[in-house]
Amino acid sequence: MNPMNRLELYTEMVRIRQYESRILQEYHGDKAPAWDIGAGLIPGEMHLSAGQEPAAVGVCAHLKKGDAITAPHRPHHFALAHGVDMNAMTAEIYGRTTGLCKGKGGHMHLFDPENHFSCSGIIAQGYPVACGQALAMKRRGTDNVAIAVAGEGAANQGAFHESLNLAAVWNLPVVFVIEDNDWAISVPRSDSTATTSNADRAAGYGIPGVRVENNDVEAVFEAAGAAVDRARAGEGPSLIEVHTLRLWGHFEGDAQAYRTDLETVDERDPIPRYAQALLASGDLVEEQVQQIAEAADAEVDAAIQFSLNSPIPAAEDALLHVFA
Amino acid sequence: MTATETPTRRITTAKAMAEAIGLEMRADPDVFVMGEDVGAYGGIFGSTTDLFAEFGADRVIDTPISETGFIGAGIGAAVEGLRPVVELMFVDFYGVCMDQISNHMAKIHYESGGAVKVPMVLMAATGAGYSDAAQHSQCLWGTFAHLPGMKVVVPSNPYDAKGLMASAIRDDNPVIFLFHKGAQGLVWMEKNPRSIAHVPEEAFTVPIGEAAIAREGSDVTIVTLSLSVQHSLDVAEELEGEGISVEIVDLRSLVPLDRQTVLDSVAKTGKLLVVDEDYKSFGLTGEIAAIVAETDPTMLKKPVKRLAVPDVPIPYARSLEYGILPTRERIAAAVKDLMA
Ligand SMILES: Cc1ncc(C[n+]2csc(CCOP(=O)(O)OP(=O)(O)O)c2C)c(N)n1
Ligand SMILES: [Mg+2]
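Protein chains in written order, with our numbering: chain A, 18 to 341; chain B, 4 to 343.
Just so you know, the hints here were simulated from the structure itself, not pulled from any lab data.
Be a bit skeptical, because a hint or two may be false.
A short, non-exhaustive set of chain B residues, derived as facing chain A with CB atoms under 10 Å [said to hold, decoys possible]: (1) 60; (2) 65; (3) 137.
None of these values were measured; they are calculated from a predicted model.
Glycine included, C-beta positions come from ideal geometry on N, C-alpha and C.
Next comes chain B alone, as it looks inside the complex:
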């Protein structure tokens, strides 16, 4: 859809997130933000840029480094009917607060037989590529998607980030909103130009649970998400020159997962590459392959290919890190393998 719009106002993914939060805050006094350095700093990855200046310390709350405390407090506030947007600075820090997330935020609605709602957004930065090493580079969306009870949203571009954030805040369920640092359009990190794009100024939503065809093609389907969508688009453009037509399915959310869009694309191309920056085993790539296998394995003209982090922590040195990430080169090689 972005292709047909006139690119008038171009903003970063980070700004798009902040804008969506700001619009929801103006519309609904129950929406508020908390997290580490979300105030005057505007979020380490820009997700709350300028909100503090507009809404002040009452509604944009800098927290102590007490994730169990403030994520739990977000749950409590949500249970009482507020709509907190809580930031966990890096998703890697889930370890210090996972009980609140998985045993409380995600289970309360079910445990209560539907009596209690938890309308809260938990956003966190994900991703590698700039040598932040094993404790600050993970994606982990597969982990959250594996645990029942939370929606998991993973945008790849500014437009979707804004629309999905609005949907997440309005949703009556807990939504984990995972943004990739490398797709935020930050001034201090290498970025794909796709991280800065036209986004309408007014409020709008992108529904949670609908994948997008980021690019139409006929030879190979790439199913992917987040920054890997940007890489895959680059690769598809490059391979077009070699006569290979790549279709890209941007999942946009893992829970709910838009199985039909995946299946329709695979039915069309007969070849499937799943690209994921999360760990390979027990994760998204296996899930997508299983969906195809369960539905109709004869759709596939070639065995499924999976490109993901090969079950090692993210190493520090650039040579090591780029040894395991799903880079453009590896995506291109996998597509060519499928075409061979």
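Extracted from the complex, chain A is given alone in its bound form:
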């Protein structure tokens, strides 16, 4: 297991948060009319990951070249933590030719083969794909691993259960990561899910499962380290459920009228809390807080400038890339 570097965990969480905060601002910034989901420089649905940084950062801290991730409709935190190029990813979100997918994919369909990163807007359908990537790794005899990520809502989809069984019976190097942010759009977990912990479901497939409470990046780091080590060693799949937090709406524009837990959201924000802990432990000193945020802002700013300076795809390019 990689040694834990608290400052790095913190820095990466801040980097992601600054990114999402800026995308939030840019997404709404030029929407005219403001209500029109299809308007603006960033059109379409936008699912931001603020509050869920601990899951991505704690897991990805253990990954190396060749390791794969399949992410769901809310992908930015895992993409960034896994080393997907911020410029190319941002340009994709802006629908530019320099984007990861030349503007074809958009924010729910980011493909970065170099980092073996992909995401899908169809709930839970990244799980089987991660199993297949793990199968390829195993057949090729590498010690790489595949990480399959989705929300707690996705764990009620058939593909999730089929994948757990498949990975277990084929002893695949997969780590299943469930981000339990309590909500699947407007539906609370308690209304949709028969178990309180998906670790119990892992047991049903004969694989190790842990549930990390309290959106704790260090606890995620520990659990993921064990799961990734196990997969690399050829000992098979594991499941980690992270109890995390959806800080904002399901998608941008979601008024969240259904949400019963909004009052406590700010106090549950994992980043200020982690900053406090690291300041207290001396892993972080006061002036670094601002430096880290500013460095992240500068990187994000450059990515947005890069995107805005990139060409808009020509209409006829829509006809390209159906076949290889």
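Add chain B with the ligands to chain A, keeping to what the hints say.
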């Protein structure tokens, strides 16, 4: 018909759907609703607005994200005589539950030699135009219409949405009800004013299987459906000023398909443009062209024109997406081509 009515009460297509469902629920305790976010949220595209407040969680059921499970459960409930209205949030998600839809919902009546009925409605949002990209923008009605055993209803406006929903719920067959997001009249999406219109408050039905002449004309027939009807009406109004008279056939349902209305219109104008936001090949545009060709190709003074998505997934960037959609500009250009 809407033209002659006094527009007293104007509602959105979404509201019209919800109203029809609510009226049927009041009239028939066997009618209930289930799907993702259909409860307090009222459906992501408003199709169950206010139903939860009136009927509660017993009859307006938020489901887990388990489409195979709850669509299959809808089939089971229907087989036992209930009348479920089930929502598949986006039609694009058909992939995770198509076995229940095509091998069960659509085939049970036939397989059972007519012994078992499946009186269920499966509604789903369709359509592109707001950069939701390849997995959230398809129409796919041609796919459902291709598979035998389900009626396929595709309204273009609030009045038809309400009347067709009532018919769908009362129908003893499985009915796929496909509504276009861009024609729902949603507050958060660009909309054509035609998505908000007068709809009577009381219950009424629009028969499934009857096309409507959305606009009479004499030079060119446009056969189309859903949001493309709204676009075509805009184009027809604009072209009227240029002396081109466009007749618009709003199919309203694909199964059953009102072939006669199509043929009558083409016989009158001699020129046919089929506009479809679904994929071009193996779909509606080819079907309509074939019906004319099979019946009497000499009706046509010009070869049929087809305007549809050119067999590519729906891309994300606006420039790419609008590069392939049947926009007003493309509809107008196709009509002018036929007139040239
Ligand atoms: C198969 C399928 N069904 C439904 C949806 C619509 N949908 C998109 S996100 C979402 C909720 C997902 O909840 P969860 O898995 O908990 O992830 P979260 O959004 O909370 O991160 C739903 C129902 C979808 N994209 N795919
Ligand atoms: Mg969730």
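Each hint, compared with the structure:
no., hint, in the structure
1, 60, "9 Å, holds"
2, 65, "5 Å, holds"
3, 137, "6 Å, holds"
Consistency with the previously given hints is maintained throughout, with no hint failing.
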